[in-house]
Amino acid sequence: MSNFEPKIIAFVCNWCTYAGADLAGTSRIKYAPNVRIVRFPCTGRIDFMLLLKALQTGADGIIVSGCHPADCHYTAGNYHARRRWIIFKSLLDFVGFDTGRITFSWVSAAEGAKWAQIVNETVDKIRDLGPYTDYSNLNKLGVGTITEVLNARTA
Amino acid sequence: MQELHNKIKSILENGSASLFIAYQKSREGKITPTFITKPEQSQKAYFGDDCKQNLAVYIHKQEVKNFGKVGIFANIYTLKSLLQIYAENQIRDDYLKVVTINPNGAIVEFANFMEIENYVNENKPAPNPEDMERVEKLSNLSREERWDYWLNELSTCIKCYACRAACPMCYCTKCTVDCNQPQWISTPSHSLGNIEWHIMRAMHLAGRCVECNECARVCPMDIPLNLLTVKLNDTANIEFGQQAGLKGELDYALSTFKVDDKENFIR
Amino acid sequence: MIKIAYFPGCSLEGSSKEYNESLLAVSKEFEIQLEEVHDWNCCGATAAHNLNKVLSISLPARTLALAEKQGFSEILVPCAACYSRLLTAYNELNKDAALLEKVKEILEIDFSAKVKPFTVIDFIQKHIQPKLKEKVKKPLNAKIACYYGCLLVRPPKLVEVERYEDPLMMESIVKELGATPLDWAFKTECCGAGLSVSRTSTVGKLCSKILDDALSRGATMFAVACPMCQSNLDMRRRNANVFLNEKADAPVLFITQLIGLALGLDKKELGLQRHFVPFNLEIFDKPIPKETLGKSKKVEEV
Amino acid sequence: MNYKTLNTNKLPEFFEKIKKTGKTVLAPRKKGNKTFFATFDSFDQINFDYVQTALSPKSVLFPRVEELFTYKNDDGTYSVKEPELKNEVVVFGMRPCDGVALDYLCDFFLNENPDKLLQDRKNNTTFISLACKSFDNDCFCTSVGSSPAETLGSDLCFTDMGNGSYYVEVVTDKGQKLVDAFPDLFADTKEINKVEQLAQVPVRFELKNLVPKIPTVFETNIWLDQSLACIGCGACAYVCPTCSCFDVQDECNPKAGTRLRCWDSCAFGQFTLHASGHNPREVQSNRWRNRVMHKFNYSVQNMNTISCVGCGRCIRVCPAGMSIIEHLISVEEA
Amino acid sequence: MSRIGVFICHCGENIGGTVDCEKVAETAAKYPGVAYSVDYKYMCSDPGQNMIKDAIKEHKLTGVVVAACSPRMHEPTFRKAVSEAGINPFLCEMANLREHCSWVHLKDDSTTEKAEELVKVLVEKVKRNQPLEPIKVPVTKTALVLGGGIAGIQAALDIANSGHKVIMIEKSPSIGGHMSQLSETFPTLDCSQCILTPRMVEVAQHPNITLYTYAELVGLDGFIGNFQASIKLKAKSIDHDICNGCGDCIAKCPIKKIPDEFNAGLGTRTAVYVPFPQAVPNKPVIDRENCTYFTRDGKCGLCAKVCTKGAIDYSQKDEIITIDVGAVVVATGFDIKGTDFFPEYGYGRYKDVITGLQFERLASASGPTLGEIKRPSDGKVPQNIVFIACAGSRDPAKGIEYCSKICCMYTAKHAMLYKHKVHQGKASVFYMDIRAGGKMYEEFVRRAIEEDDVNYIRGRVSRIYEKNGKLIVKGVDTLLDAYPVEIEADMVVLATAGIANEGSEELAQSLHISYDQHNFFAEAHPKLKPVETNTAGIMLAGACQSPKDIPDSVSQASGAAVKVAALFSKDELTRDPLIAYVNRCGPPTYSTCVGCFLCVSVCPYLAIEKEQIKDRNGNLIKEVAKINPGLCQGCGTCVALCRSKSIDIYGYSHSQVFAEVMALFNERSLENV
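Chains as they are written, first to last, in the numbering used here: chain A, 1 to 155; chain B, 1 to 267; chain C, 1 to 302; chain D, 1 to 334; chain E, 1 to 673.
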């Protein structure tokens, strides 16, 4: 696993974290290149299914980040998102997903350094955890035969 | 039972409903729903502790709606469901006549949803201790053990969608799983598609599930699906103090917020 | 006969025996049976809550739990200090499920903390006042300063008393007894309560201010509903008089004693002989002064 | 047809020997109150106390999801790969009615445009039925022209004779091959009358009256009356051993993809839903009628046989307690 | 089939120095759907932009990805360029290779690989972009100003002077608000009415301003540029067109003991009244709650008899009018807590414990004492006066955690005014802190202390009680080692907390604007949008947002006016079309929305409405959600909430974000295949 480089996808809001990442850039703060940012208008827009889709497509870790409470460009999207993540995380934990691979954070447009730190810490953590294959290869399990599935259940 | 028959009879006779949905018991002892349209059929109705099916699910059915005004015999979970879907704008007060039997064995006919709300709050069923225990037990396992448990259980799902069909809260015109532009949920019943489906189902029911446990009862593969929604209801209750099926006004954990909602994982 | 759970606490068995006697005597007149909670214990006042929160809740909680087990849903607590402790426990246990679990474990009693404590004033308002007027045989000719002290009205969020800085509950009761309530400023000032034994001079100084304000406005006597208020204004009168130019001799009666007198009960039955500041029935024969804002008697500067 | 006997206590040995040849053996195993076909590690995991398995052996030939092919896009060059099915399987313990169903299913998939995958799976699988000694209220094979004595569709048919031995009917060459592979286990015997060893399933309705009757009630209210309780799940179709509807799904990204075949059900609201939004079977009763018509009329027209074998699974699984037996009786009486 | 053009910018060395731009362009060229791919030194330069325009034409591109700097920097530039080449500007997206890649990573293969993936993600997105048109909304160039206090007056005049129509409504019979009640103003001590009344008159006479006094807003529908306001004009019972304001009716009115609102209850007025001599309009109204003609069935009628003009009209009715407006300025002001809020200060039963506003009236030359400081109980001039600052404010136990902001200054002013009028008198102020931030404010307070000898005591007052005709004020001096202080005062002035008006919650709800836990109206952003509300087109001015002094109120009012004027500067409002919408389709479904309306409460802008779909005969088919494009700001929270995916959003649609996510990292799913 020595040369494993984690693949991280970041779901960020346009107004705070995307701008915070821009600031990290204009400040030339260096951080790990493993992260790919996908831009949303607001954390309130981020569908929980997208997190599952990211894991399916091969992300080893996820960052979800938006405006600090009270700073939402749309006044309340992040509060709704916070509730969504509280529920969703509870479910993922209960089902046994490795939620340690998902970093939730508030990064404001002024927190370029925090953004870099969040990315670096997430990358380091995921690098230690190794690739996440629990989930992404499940589209093979149960195809074509009933035996492996029923074997699993009766075990 | 006679009292129930008389009540149904009078409801059908006086025109407050042209269809009455109740339970019946077959000769072999099987409990099934029955759809009474004629007053003289009223004695088909049966009620006992063995009447588990959540009849509220029929309220969404087009062919039931076609009857116009409908009467329904409701156990406590059906009442909770009716209240919840009323809050979600799916029923009109004047199109539904609801009857139940209270714990003392008396017939109660509700004039409106306010009365149902009061009744449900007075007769709130306690959480099923068995389910709570199973949730607790699962929560105490290691993450890997939980994953193995659910992967095994959910891998057996054949995607017959009985869980969806039996649930009164699953009334969407078009379910997410039927959206294919984009295909949010893999429809094949491989393990990935199954887990996606059940996670989405649980998320959509979080804070809306009335814990009637129909989803688990109807599952041909005996997957304890209800544990997922029971768990999320518990989370919604603990974190946001919100419970489903107790209010005629919308009270949904995920469409409201408090500025000081607490969490311990957002950095 | 109405049955009500009753928690006398230590004061009513000792220094304020007459409170107990008069309360029982009056209750009897109104066909109310006060049933002492079996095996009650110390409420923990006044020191426990400064030292150990769980202990300070567990002590009164035990009495609440016993009352619940004995089939009651509320409990009459005449002593203001006891009341404060029991009410605090009631509130804490009802808002903190984890604490309730812990206390249940400590007490080894399974209970739900649903027994709510209430005061003698609440008791009178609910069970006695509605029938009081018709039962009064000897209207009291007196100008009465109703003194509440601290714990009957504080903390406001807990006790749910409406005008906690200027309560009027006892005033409305004494009005029904035929007496004139006094409008005065020191109803809820501190009497020095807990220092009664250790710092008598401080108690004296504080009480002197209370006495002075009431007497200078024409009060002829005091009504109280707290054992500490009574004993400080009564037993420590000597210490108070040191600070007053003119010695005060107005008696300090429990509200229950006043009701008893108006009902025509015997002085002794009401324990009136037990007071330090003597009480004489002749007091009701004197004319009461008109509304005055009488001259202030010199209060030594603090 | 050849007839053999197998000492019942040789059954474990039979399975072990099959496994040693590299084949997979599926047998009934219990989970909760239900019994499913599954692989097993030891013989005592097999459950013999069941009327019917929850799922039919249909999934062995026609899995609930299977790969039709995969493709790759290598910078504009596309390559397609079809799956190769080599795994040989022995299924033990299906009921005779399931055999009838497999016969129908193979007829359906292999007759005109043979489905290669199903053909391969069929060639690779040997089905051993275990004739019924018990039945329940939901069994009605005798009403649809079959019985616990039926051997159609099985490769081998086992009957527990109650004397410590199985009476083995060798129905097909595939069955013969399997028996021949282990000559020391099987002894020759003559044809035996096994009927008294078997469950006596009562006849519930007269098929010969029913089949011509069904199209005559097409336009009546009977379907609505019967199906008001239907909540529109797909459970009946998924447990049905003859239901063959499927849906084709592509799972792909810009670089690669898989085409999958998945079970589908006529009970779903999206069944026959047109892209325009119109659905000729608009409501549940239309779909229910289609289901019953399919089993007892359309398949007679198209394949010269009804496509219900009386296994009763749809009745046992229905969340709303619907019973095809009762409904057919009510059609008969209409 | 998409034909996407990819344009990789080196940004000089900024990107090119770290990322192998040529390689990125080569990789992108092989990507499905990419018809053209190129790299260039500076894409934003003229030649760079021309490259894009030429490529669009030459390669018939259907979408463009410019991989350069942050879209927050140059997105408008490239969208403009693209539209000049004839394709919709919303078919252009930017991949952020500079801020998010080259500037934050080292020169390395992994950095180039990241750049390739960022391009790939945007290619997948842009394949699914739809051509969009900016939303154009016509603007009704009339502003509604709610409230005729100084904030409302300032806003109305500023808007009117910039050439736009203004409707001002005021619920009392005269404009002027609290400022008209004040005696002198800090820190200059100039007379409040002297500076205010000219403005009031200007409002009344301004050709662009229509003034409705004795009027209330009952409802507001619509959205920015297109509101419909329903206004209730309360019956004045006097025809103001006829009335000449002679005042005979007032002189004759027999009902004279009504507590006078203008004098904060310190004086009385008649039932037919003008609130104060300088009122605008200076014509009376009949207070029907107190007039015997109305309370006792037609008795009296004296005013009608004395009115020579015949202006009295008892039969007038409340009238509701509807006006189209394009913007609203809410300037409804504030209220203060009464003395009855303070148990420890006697529940309001001591006549000589008064509020700061009452003191203003006592000090005012037009007040009930004509400016002499006399105490209400017996009219004596108080020789010893105590002011208590922070009465209620900054006191969480009283439920008012905030600072009321104006009290420190007006308390200093009061003490000063008292000392100026009662030279030998003794004035003490109990305070927590002195907050005198503001031009000349600190100097003003120092003057009170140093020149006017006001005794400032840092500490709070625990109790006031009356004894021997004196008010005993018991407090503590925390600067003197927490020593108890007792003052025998003749009068006590409480600087009671400034609070939201009664009914402000209902008003906020009918305006669809947010309010805080104290019912003050909420600004859209505490720092950057202090005068806007989160409902576009509705602005805030003055103390309805939080307690404010006059200069702050006036500044905010002018700020609100500029916002309105800017909005009115164009005939049409152009808005970003990146908003949400609920799907619609043909029968029999009409929309996949099932009408659960869970989305309604999730929308911060109350933009989601119920819409009934009916058949040709008007029978209801179904009720579904509908998003008002005028109100939606495009946060997309409803989109993620909707279970059936019936809501989607332009610019961040389901298929766009899904494709973006699924385009990443799919090597691993490839292996599985």
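A couple of the hints might just be wrong.
Below, a list of computed lysine-lysine pairs in the DSSO-like style, where the Cα atoms sit at most 30 Å apart [stated by the list, open to error]: (1) B:K247 <-> C:K95; (2) A:K140 <-> A:K89; (3) E:K30 <-> C:K157; (4) C:K116 <-> C:K138; (5) B:K38 <-> D:K213; (6) B:K124 <-> C:K17; (7) E:K421 <-> E:K374; (8) D:K72 <-> E:K426; (9) E:K299 <-> E:K374; (10) C:K95 <-> A:K89; (11) C:K209 <-> C:K3; (12) D:K174 <-> D:K30; (13) C:K209 <-> E:K470; (14) C:K95 <-> B:K262; (15) B:K9 <-> B:K30; (16) B:K65 <-> B:K30; (17) B:K30 <-> D:K213; (18) C:K209 <-> E:K421; (19) D:K72 <-> E:K351.
Between beta-carbon pairs, the in silico distance windows are [what the hints assert, rightly or not]: (20) C:N52 <-> A:L141: 53 to 59 Å; (21) A:L141 <-> B:N66: 40 to 46 Å; (22) B:P127 <-> C:N52: 33 to 39 Å; (23) D:D120 <-> E:M73: 56 to 62 Å; (24) D:D75 <-> B:R267: 55 to 61 Å; (25) B:R267 <-> C:L55: 57 to 63 Å; (26) E:P484 <-> C:I288: 57 to 63 Å.
Everything labelled a hint here was simulated from the structure, so no lab data went into it. In this text, a Cβ means the ideal position worked out from N, Cα and C, and glycines have one as well.
Hint check results:
Our distance criterion of 30 Å between C-alpha atoms is met by K247 (chain B) and K95 (chain C), whose separation comes to about 23 Å. Pair hint K140 (chain A) plus K89 (chain A) holds up; C-alpha atoms about 25 Å apart against a cutoff of 30 Å. Distance restraint check for K30 (chain E) and K157 (chain C): the Cα-Cα separation of roughly 72 Å exceeds the 30 Å cut-off, and the hinted pair is therefore not satisfied. Restraint check for K116 (chain C) and K138 (chain C): the C-alpha separation of about 34 Å exceeds 30 Å, so the hint is violated.
A C-alpha spacing of about 27 Å is found between K38 (chain B) and K213 (chain D), which places the hinted pair at or below 30 Å, so the restraint holds. For the given pair, K124 (chain B) sits about 48 Å from K17 (chain C) by alpha-carbon distance, which is inconsistent with the 30 Å threshold. For the suggested pair K421 (chain E) and K374 (chain E), the alpha carbons sit about 11 Å apart, so the restraint of at most 30 Å is met. With a C-alpha separation of about 95 Å, the suggested pairing of K72 (chain D) with K426 (chain E) is violated against the 30 Å cut-off.
For a cut-off of 30 Å, the pair hint linking K299 (chain E) to K374 (chain E) is broken: about 37 Å separates their Cα positions. Only pairs whose Cα atoms come within 30 Å are accepted, and K95 (chain C) paired with K89 (chain A) is accepted, the gap being roughly 27 Å. Distance hint between K209 (chain C) and K3 (chain C) is unfulfilled; the C-alpha atoms sit about 40 Å from each other, more than 30 Å. Note on K174 (chain D) and K30 (chain D): the hinted pairing holds, with a Cα-Cα distance of about 28 Å set against a maximum of 30 Å.
For the hint linking K209 (chain C) to K470 (chain E), the alpha-carbon distance of about 17 Å falls within 30 Å, and the restraint holds. In summary, the hint linking K95 (chain C) to K262 (chain B) is supported, as the alpha carbons are separated by about 18 Å, within the 30 Å threshold. Under the criterion of a C-alpha separation no larger than 30 Å, the hint pairing K9 (chain B) with K30 (chain B) is consistent with the structure, at around 23 Å. Taking the CA atoms of K65 (chain B) and K30 (chain B), the gap is near 26 Å; set against the 30 Å cutoff, the hint holds.
Restraint check for K30 (chain B) and K213 (chain D): satisfied, since their Cα atoms lie roughly 28 Å apart, inside the 30 Å limit. Taking the CA atoms of K209 (chain C) and K421 (chain E), the gap is about 36 Å. The hint is violated against a cut of 30 Å. With a C-alpha separation of about 91 Å, the suggested pairing of K72 (chain D) with K351 (chain E) is violated against the 30 Å cut-off. Checked against the given bound of 53 to 59 Å, the beta carbons of N52 (chain C) and L141 (chain A), roughly 57 Å apart, stay inside it.
The hinted window of 40 to 46 Å between L141 (chain A) and N66 (chain B) holds, with their beta carbons roughly 43 Å apart. Distance hint check: the CB atoms of P127 (chain B) and N52 (chain C) are about 34 Å apart, consistent with the given range 33 to 39 Å. About 59 Å separates the C-beta atoms of D120 (chain D) and M73 (chain E), a value consistent with the hinted range of 56 to 62 Å. In this structure, D75 (chain D) and R267 (chain B) break the distance hint of 55 to 61 Å, their C-beta atoms being roughly 41 Å apart.
Range check, R267 (chain B) to L55 (chain C): about 39 Å between beta-carbon atoms, so the 57 to 63 Å window is missed. Range check, P484 (chain E) to I288 (chain C): Cβ separation about 33 Å, and the 57 to 63 Å hint is violated.
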